[in-house]
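> As a plain string of letters, each chain reads:
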Amino acid sequence: MGRTLAEKVWEDHVVRSATGEPDLLYIDLHLIHEVTSPQAFDGLRLTGRKVRRPELTLATEDHNVPTLNIDRPIADPVSRLQVDTLRKNCAEFGVRIHSLGDIEQGIVHVVGPQLGITQPGMTIVCGDSHTSTHGAFGALAFGIGTSEVEHVLATQTLPLTKPKMMAVNIEGKLKPGVTSKDIILAVIAQISTGGGQGYILEYRGSAIRELSMEARMTICNMSIEAGARAGLIAPDEITFEYIKGRPHAPKGADWDAALAYWNTLKSDADAKFDKEIYLNADELSPFVTWGTNPGQGVPLNQAVPTPESFGDEQERRAAESALVYMDLKAGTPMKEIKIDTVFLGSCTNGRIEDLRSAAAIIKGKKVASNTRMLVVPGSARVRLQAESEGLDKVFLEFGAEWRSAGCSMCLGMNPDQLKPGERSASTSNRNFEGRQGKGGRTHLVSPLVAAATAIKGTLASPADL
Amino acid sequence: MEKFISHTGTGVPLRRSNVDTDQIIPAVYLKRVTRSGFEDGLFAAWRSDPDFVLNKSEYHGGTILVAGVDFGTGSSREHAVWALQNYGFKVVISSRFADIFRGNSLKGGLLTVILPQEEVEALWNAIERDPKTSISVNLESRTVSYNGKSVGFDLDDYTRWRLMEGLDDIGLTLRHTDLVEGFESKRAKFKPKTLPVLS
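From first to last, the protein sequence lines stand for chains A and B.
The opening residue of the first sequence carries number 10 in the numbering used here; numbering runs sequentially from there.
The opening residue of the second sequence carries number 4 in the numbering used here; numbering runs sequentially from there.
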């Protein structure tokens with residue numbers, strides 16, 4: 010019987026398999042950052058263990074770093090200690106690190122692909138749930154906890170039970186103004202935040218094949234918001250073209266060997282999925298969330314739903330409490346919701362294409378008087394690229410803030426936070442209560458909707474301008 | 004890791020679904036570089052509400068958290084497990100857990116027990132009727148027992164064995180270092196390395 014893409018990658022990495030036990034998988038790349046690694050390094054020291062393969066490990070500083078005044082010491086002493094701890098651990102264990110101020114610093118899931126170190130058919134892990142981003146290259150990539158970080162540091166392997174396989178089929182053609190962010194928000198609204206639990210998602214179909222690598226990364230990034238630890242897309246010419254020539258891409262004969270292998274990485278025609286879902290790309294329109302989990306979303310041209318419209322009692326109760334937290338009335342058109350802060354950035358939508366598409370909408374306009382806009386490039390290189398194209402000036406003239414790279418307001422761990430009661434339209438991935446700051450209210454949107462919203466001051470798409 | 008065979012304690016009913024890791028412990032509490040001291044951040048946003056279940060005196064000392072469906076969704080932060088453990092919880096019961104949270108909990112010795120939603124509701128009702136209700140969670144027999152009633156739960160044999168023996172996963176894997184070396188000797192040459200740094 011045929012095998013799925015994920016099964017092929019899985020089987021190519023099995024070090025040990027025994028009945029009744031998890032498979033032991035080899036890990037090709039381990040990405041680390043300051044927040045989920047200190048306790049893992051402590052564990053190594055306590056047991057006298059080393060990092061087994063420093064040359065398969067890469068660290069960057071992203072979650073906790075400021076996006077202003079990065080040439081000065083980090084003001085918050087607790088944050089500074091955490092970042093210093095990562096630097097010391099990397100020095101002690103011989104791990105490559107890209108620190109604040111380094112040209113390769115940035116959000117870990119933006120840095121890997123831009124270095125060309127994220128490649129098809131790899132197993133990639135990181136102590137961060139959005140590691141699923143790298144699945145866009147046909148890699149099996151997923152987030153792990155700190156105990157697992159320590160396990161990978163010490164052994165370069167992980168014991169794992171093979172998940173089930175789900176095909177997410179998206180056929181058709183996206184209308185102008187509809188992006189891959191709208192696809193994934195619609196998928197999550199369809200299957201709910203628990204729908205992908207226990208599965209690896211494979212996104213396929215004509216709409217997916219049309220997408221750029223950066224757009225594919227946005228989709229795979231939010232697999233975890235559908236409950237799936239990993240989501241991937243079969244690599245193709247668009248993938249190979251993206252990788253070719255990047256610093257860590259294979260060269261010469263290695264490129265040919267790699268390409269021969271990468272071309273085998275697709276689900277066989279007779280591969281069996283445990284579950285299949287379907288979405289028609291032609292019917293999609295800009296999608297936004299109204300509630301406090303990423304499954305609570307609707308098309309932008311609809312209204313806040315009534316809790317009674319949910320058949321399931323748990324969902325009804327969740328909707329009721331979400332409306333209270335979000336301070337929204339059922340029946341309010343989404344486009345009437347006023348927005349205080351627009352956040353453009355994160356590992357979901359902080360890449361150069363995202364900045365370009367937003368800049369094209371706002372160019373020559375002014376930010377709404379009731380709204381502020383924060384633009385945080387996903388990496389130092391994205392920031393430099395944007396500046397070389399003059400995008401920084403477009404954002405600054407619009408009235409937006411132009412910041413240095415990091416996770417920033419996606420999770421509000423650094424000073425970039427919403428104030429209590431403040432409402433954001435955010436290109437990030439989670440609209441949980443308090444995610445962007447205690448008492449803050451988040452609507453997840455695409456970069457295009459973010460840009461149009463910043464102009465109007467209410468949730469809007471470019472078509473509404 | 005401490006062995007887990009069985010635990011008897013009182014319960015705390017958390018009648019909420021989709022309790023994500025940002026609710027369990029907000030990001031601003033993740034800055035510590037140790038594994039302890041995270042109890043202050045547990046459910047931090049809700050703790051300021053005097054009516055929040057953890058603030059009610061009748062549930063003080065509870066060690067078994069009984070939560071709604073989809074507990075632990077969101078981030079991979081193991082700090083969520085540590086915060087629950089640092090606060091004193093030994094067991095969390097729900098009808099469904101997020102994958103990464105579940106993996107983290109079972110690595111760290113916090114037992115996550117999956118019961119059907121109607122059993123979760125029954126347990127909520129029993130605890131709310133009498134907060135002193137004694138609940139026993141037995142890994143040997145894979146049962147949750149209270150008020151003379153016993154409900155079975157599933158947990159794969161391997162994880163159960165590892166928890167009951169208190170075994171460290173890394174130690175188990177290091178027994179197979181020869182297999183890891185064998186795998187490494189056959190890895191494709193084109194696979195990328197992070198060192199030396201290339202530009």
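Among these hints, one or two may not hold up.
To be verified - Using 30 Å as the maximum straight-line C-alpha spacing, the simulated DSBU-like pairs for lysine-lysine come out as follows:
1. B:Lys6 to A:Lys253
2. A:Lys275 to B:Lys59
3. B:Lys196 to A:Lys171
4. B:Lys93 to A:Lys253
5. A:Lys253 to B:Lys135
6. A:Lys59 to B:Lys194
7. B:Lys59 to A:Lys260
8. B:Lys194 to A:Lys171
9. A:Lys173 to B:Lys59
10. A:Lys260 to B:Lys196
11. A:Lys347 to A:Lys275
12. B:Lys93 to A:Lys374
13. A:Lys275 to A:Lys260
14. A:Lys171 to B:Lys93
15. A:Lys59 to B:Lys6
16. A:Lys97 to A:Lys184
17. A:Lys253 to B:Lys59
18. A:Lys97 to B:Lys194
19. A:Lys447 to B:Lys93
20. B:Lys93 to A:Lys17
21. A:Lys447 to B:Lys59
As the list claims (entries may be wrong) - Estimated spans, in silico, between C-beta atoms of each pair:
22. B:Lys189 to A:Asp111: 32 to 38 Å
23. A:Gly320 to B:Leu57: 57 to 63 Å
24. A:Thr56 to B:Ser139: 56 to 62 Å
25. B:Gly169 to A:Tyr287: 44 to 50 Å
26. B:Thr146 to A:Glu20: 32 to 38 Å
FYI, nobody ran anything at the bench for these hints, they're computed from the structure.
The structure presented is a predicted model; accordingly, all values stated were derived computationally and were not measured.
All C-beta atoms, glycine included, are put in the ideal place defined by N, C-alpha and C.
> Would you mind marking each hint as holding or not holding in the structure?
For each hint, the structure was consulted:
1. Taking the CA atoms of Lys6 (chain B) and Lys253 (chain A), the gap is near 50 Å; set against the 30 Å cutoff, the hint is violated.
2. With a C-alpha separation of about 55 Å, the suggested pairing of Lys275 (chain A) with Lys59 (chain B) is violated against the 30 Å cut-off.
3. Distance restraint check for Lys196 (chain B) and Lys171 (chain A): the Cα-Cα separation of roughly 26 Å lies within the 30 Å cut-off, and the hinted pair is therefore satisfied.
4. For the suggested pair Lys93 (chain B) and Lys253 (chain A), the alpha carbons sit about 50 Å apart, so the restraint of at most 30 Å is broken.
5. For the hint linking Lys253 (chain A) to Lys135 (chain B), the alpha-carbon distance of about 65 Å lies beyond 30 Å, and the restraint is violated.
6. A C-alpha spacing of about 22 Å is found between Lys59 (chain A) and Lys194 (chain B), which places the hinted pair at or below 30 Å, so the restraint holds.
7. Proposed proximity of Lys59 (chain B) and Lys260 (chain A) is contradicted: the alpha carbons are some 64 Å apart, above 30 Å.
8. A threshold of 30 Å between alpha carbons decides the hint, and for Lys194 (chain B) with Lys171 (chain A) the separation of about 23 Å falls inside it, so the pair holds.
9. Between the alpha carbons of Lys173 (chain A) and Lys59 (chain B) the distance comes to roughly 41 Å, so the proposed pair goes past 30 Å and is violated.
10. With a C-alpha separation of about 13 Å, the suggested pairing of Lys260 (chain A) with Lys196 (chain B) holds against the 30 Å cut-off.
11. Note on Lys347 (chain A) and Lys275 (chain A): the hinted pairing is violated, with a Cα-Cα distance of about 44 Å set against a maximum of 30 Å.
12. For the given pair, Lys93 (chain B) sits about 56 Å from Lys374 (chain A) by alpha-carbon distance, which is inconsistent with the 30 Å threshold.
13. For the hint linking Lys275 (chain A) to Lys260 (chain A), the alpha-carbon distance of about 23 Å falls within 30 Å, and the restraint holds.
14. Restraint check for Lys171 (chain A) and Lys93 (chain B): satisfied, since their Cα atoms lie roughly 27 Å apart, inside the 30 Å limit.
15. With a C-alpha separation of about 26 Å, the suggested pair Lys59 (chain A) and Lys6 (chain B) falls inside the 30 Å cut-off, and the hint holds.
16. Between Lys97 (chain A) and Lys184 (chain A) the alpha-carbon distance is near 49 Å, which puts this suggested pair outside the 30 Å criterion.
17. Proximity of Lys253 (chain A) to Lys59 (chain B) is assessed by CA-CA distance (about 60 Å); at most 30 Å being required, the pair is judged violated.
18. Between Lys97 (chain A) and Lys194 (chain B), the direct Cα distance comes to roughly 28 Å. Compliance with the 30 Å bound is thereby established for this hinted pair.
19. Taken as a hint, the Lys447 (chain A) and Lys93 (chain B) pair is honoured in the structure, with Cα atoms around 28 Å apart against an allowance of 30 Å.
20. For the hint linking Lys93 (chain B) to Lys17 (chain A), the alpha-carbon distance of about 38 Å lies beyond 30 Å, and the restraint is violated.
21. Note on Lys447 (chain A) and Lys59 (chain B): the hinted pairing holds, with a Cα-Cα distance of about 22 Å set against a maximum of 30 Å.
22. In this structure the supplied range 32 to 38 Å holds for Lys189 (chain B) paired with Asp111 (chain A), their Cβ-Cβ distance being about 34 Å.
23. At about 31 Å, the beta-carbon gap between Gly320 (chain A) and Leu57 (chain B) misses the expected band of 57 to 63 Å.
24. A hinted range of 56 to 62 Å for the beta carbons of Thr56 (chain A) and Ser139 (chain B) is inconsistent with their spacing of about 34 Å.
25. Range check, Gly169 (chain B) to Tyr287 (chain A): about 46 Å between beta-carbon atoms, so the 44 to 50 Å window is met.
26. As the Cβ distance of Thr146 (chain B) to Glu20 (chain A) is approximately 37 Å, the hint placing it in 32 to 38 Å holds.
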